[in-house]
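In this text, residue positions in the sequence shown follow UniProt numbering: the first is 1, and each later residue adds one.
Worth flagging that the hints you see were computed from the coordinates, not collected in a lab. Here the structure is a predicted model, which is why all the values come from computation and not from measurement. It is possible that some hints are incorrect.
Mimicking BS3-like on lysine-lysine, the simulated pairs with C-alpha atoms at most 30 Å apart in a straight line are [to be verified]:
#, residue 1, residue 2
1, 122, 227
2, 122, 163
3, 116, 331
4, 122, 246
5, 472, 452
6, 445, 331
7, 124, 445
8, 227, 170
9, 325, 356
10, 438, 122
11, 391, 472
12, 116, 325
13, 452, 116
14, 452, 245
15, 281, 193
16, 122, 452
17, 170, 281
18, 445, 122
19, 163, 124
20, 325, 445
21, 445, 227
22, 245, 383
23, 356, 391
24, 193, 156
25, 246, 445
26, 152, 163
27, 124, 281
28, 331, 383
29, 244, 152
30, 116, 332
31, 325, 245
32, 452, 332
33, 122, 332
34, 472, 245
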Amino acid sequence: MRIFIYVLIAIVLINTILSIFVVMRTPRDIAATWAWLLVLILLPVVGLTLYMFFGRGMSKTKISRIQDSYSQGISNALDRQKALITKKSHKFPADIEQLVNLFFSLNASPVLTSEKPQIFTKSKDFFDELFELIDGAEESIYVEFYTIYADKVGHKFRDALIKKVQQGVKVYVIYDGWGSMGVFRHFWLPLRKAGGNVELFFSSRYVITDFRLNYRNHRKIVVVDEKVGLIGGFNIGDQYLGLKKKFGNWRDTHILVEGEAVRALTVRFIMDYNATVDRKKWLEYPQIISTHEIANPISRSNTYMQLVTSGPDERIDQIEMGLIKLVSTAKKRIWLQTPYLVPSDSFSDALVSAAKSGIDVRIMIPSFPDHPFIYRATQYYAKYFYDIGVKIYIYNNGFLHAKTSIFDDMVSTIGSANIDIRSFKLNFEATEFIYGEKFNDELAKTFLDDIKECTELNDEVINNQSGWEHFKQDFSRLLSPIL
1 MRIFIYVLIA IVLINTILSI FVVMRTPRDI AATWAWLLVL ILLPVVGLTL YMFFGRGMSK
61 TKISRIQDSY SQGISNALDR QKALITKKSH KFPADIEQLV NLFFSLNASP VLTSEKPQIF
121 TKSKDFFDEL FELIDGAEES IYVEFYTIYA DKVGHKFRDA LIKKVQQGVK VYVIYDGWGS
181 MGVFRHFWLP LRKAGGNVEL FFSSRYVITD FRLNYRNHRK IVVVDEKVGL IGGFNIGDQY
241 LGLKKKFGNW RDTHILVEGE AVRALTVRFI MDYNATVDRK KWLEYPQIIS THEIANPISR
301 SNTYMQLVTS GPDERIDQIE MGLIKLVSTA KKRIWLQTPY LVPSDSFSDA LVSAAKSGID
361 VRIMIPSFPD HPFIYRATQY YAKYFYDIGV KIYIYNNGFL HAKTSIFDDM VSTIGSANID
421 IRSFKLNFEA TEFIYGEKFN DELAKTFLDD IKECTELNDE VINNQSGWEH FKQDFSRLLS
481 PIL
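Sequences and hints are given; from them, build the entire structure.
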């Protein structure tokens with residue numbers, strides 16, 4: 001019996017030492033580090049299995065592969081624009097100058113113009129535009145989605161790409177294997193046979209030999225002929241067209257981009273594609289040159305954009321940092337839409353400070369879950385922010401999947417990143433930071449229209465929730481660092 005106790009103590013000590021060594025090798029949020037340590041120590045076998053799949057950091061080889069692609073893709077354009085800023089050839093309005101400089105210092109993106117950007121909030125309008133753009137393609141189609149399902153809409157999408165390949169258009173597709181679970185190689189075989197190029201994003205390719213499931217490509221980008229681009233929250237599948245009874249109306253937001261800003265989307269896609277394929281298959285990068293000076297102040301008719309991306313390949317979470325900067329410097333309003341509200345402590349503190357300073361802070365979330373634990377955590381944080389004075393709107397007309405933000409009168413964002421730890425620190429994301437009063441007004445109008453379909457969170461709504469509901473919310477919140 002004594003030997004058994006000694007062996008057990010030895011196993012616990014070894015497990016604890018190894019757990020500390022393994023977890024602390026990967027830079028991450030302190031709360032997440034402690035969460036993984038507790039899982040590994042208290043659940044030695046189960047915890048190790050979970051960590052192998054969900055907890056390990058990205059390998060240095062993969063990081064260097066992305067950064068090698070990055071250095072060829074966008075750094076030259078950034079260097080040119082930084083030189084213009086130094087020479088005072090470009091001048092930014094005071095209310096966005098610090099944000100622009102922040103992204104410059106992070107080497108995130110140059111500032112580029114966009115001609116008459118269009119906002120799509122209705123699924124039918126988005127898919128009509130998507131298929132029209134594909135049908136009109138003459139040279140190339142670049143597609144990058146987190147989810148492409150092999151259902152009615154997915155087959156229509158694939159067949160539209162096959163048709164264009166047969167017409168001589170070059171087609172390149174990147175999709176995430178985890179987000180497109182259930183879509184097997186035979187679904188893409190007709191497109192490949194026709195001459196199209198279809199690739200699993202590199203973090204999805206080696207699930208058998210490399211068990212990391214935590215790092216997903218959540219970006220949703222389409223570029224046609226390197227002249228028109230789409231970026232936002234829609235994926236490809238029946239549910240995103242509102243054809244699934246479970247979700248009903250699918251409320252999302254995508255933006256159509258033309259002009260210089262399309263080049264940034266093109267470069268982002270090529271960076272991801274080149275990080276996925278062998279070097280001999282690499283695509284060439286277009287040259288990004290900003291031909292317009294940045295007006296001071298920016299006129300109502302002009303719109304400028306910085307495409308900001310983030311992922312586990314970056315030591316600094318660029319999208320989160322940009323949003324925190326905007327929250328911290330807002331003077332009038334902060335309006336957010338997100339399906340998942342599980343923010344980092346840094347973002348939460350900035351939002352609390354803004355709300356307590358008298359800023360008009362509003363957050364819109366869905367009325368039902370697509371992922372139970374995340375939704376319960378979202379409900380927890382909704383109550384938390386409500387208690388400190390934030391207006392919380394619960395969207396009732398279907399499922400709200402939009403990822404948008406509106407700051408004061410000048411800055412807006414649309415992209416793939418949710419207000420949650422996964423988007424901020426784990427996923428590969430892409431968000432347009434958009435500068436211009438006219439666009440800001442237009443996006444604000446869509447927010448106000450959506451409020452008409454919402455229930456505002458209040459004491460009565462909270463008190464009507466059962467004790468079991470409150471327990472699930474509190475428990476899910478404890479899991480937030482690793483959700």
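Hinted pair residue 152 and residue 163, Cα distance within 30 Å:
Roughly 17 Å separates the two Cα atoms, so the pair holds.
Agreement of residue 122 and residue 163 with the hint, judged by alpha carbon distance not exceeding 30 Å:
Given that 30 Å is the threshold and the Cα spacing comes to 26 Å, the pair holds.
Does residue 452 pair with residue 332 here, judged by a C-alpha cut-off of 30 Å?
OK: residue 452 and residue 332 at ~22 Å, within 30 Å.
Starting from residue 116, check that the Cα of residue 325 is at most 30 Å away, please.
Cα-Cα ~27 Å, so holds.
Tell me if the straight-line CA distance from residue 325 to residue 356 falls inside 30 Å.
Holds, because 17 Å separates the two Cα atoms, which is no more than 30 Å.
Tell me if the straight-line CA distance from residue 445 to residue 331 falls inside 30 Å.
19 Å, holds
Within 30 Å, alpha carbon to alpha carbon, are residue 472 and residue 245?
25 Å, holds
Restraint check for residue 122 with residue 452, where alpha carbons must lie at most 30 Å apart:
15 Å, holds
For residue 391 and residue 472, compute the direct alpha-carbon distance and say whether it is at most 30 Å.
Roughly 22 Å between the alpha carbons, so the hint for residue 391 and residue 472 holds.
For the pair supplied as a hint, residue 331 and residue 383, is the alpha-carbon distance within the 30 Å limit?
Given pair residue 331, residue 383 holds - Cα atoms ~24 Å apart, limit 30 Å.
For the pair we were handed, residue 472 and residue 452, check the Cα-Cα distance against 30 Å.
29 Å, holds
Check the hint pairing residue 281 with residue 193 against an upper bound of 30 Å on the C-alpha distance.
17 Å, holds
Hints 27 and 31, counting from the list given before, are not met by this structure.
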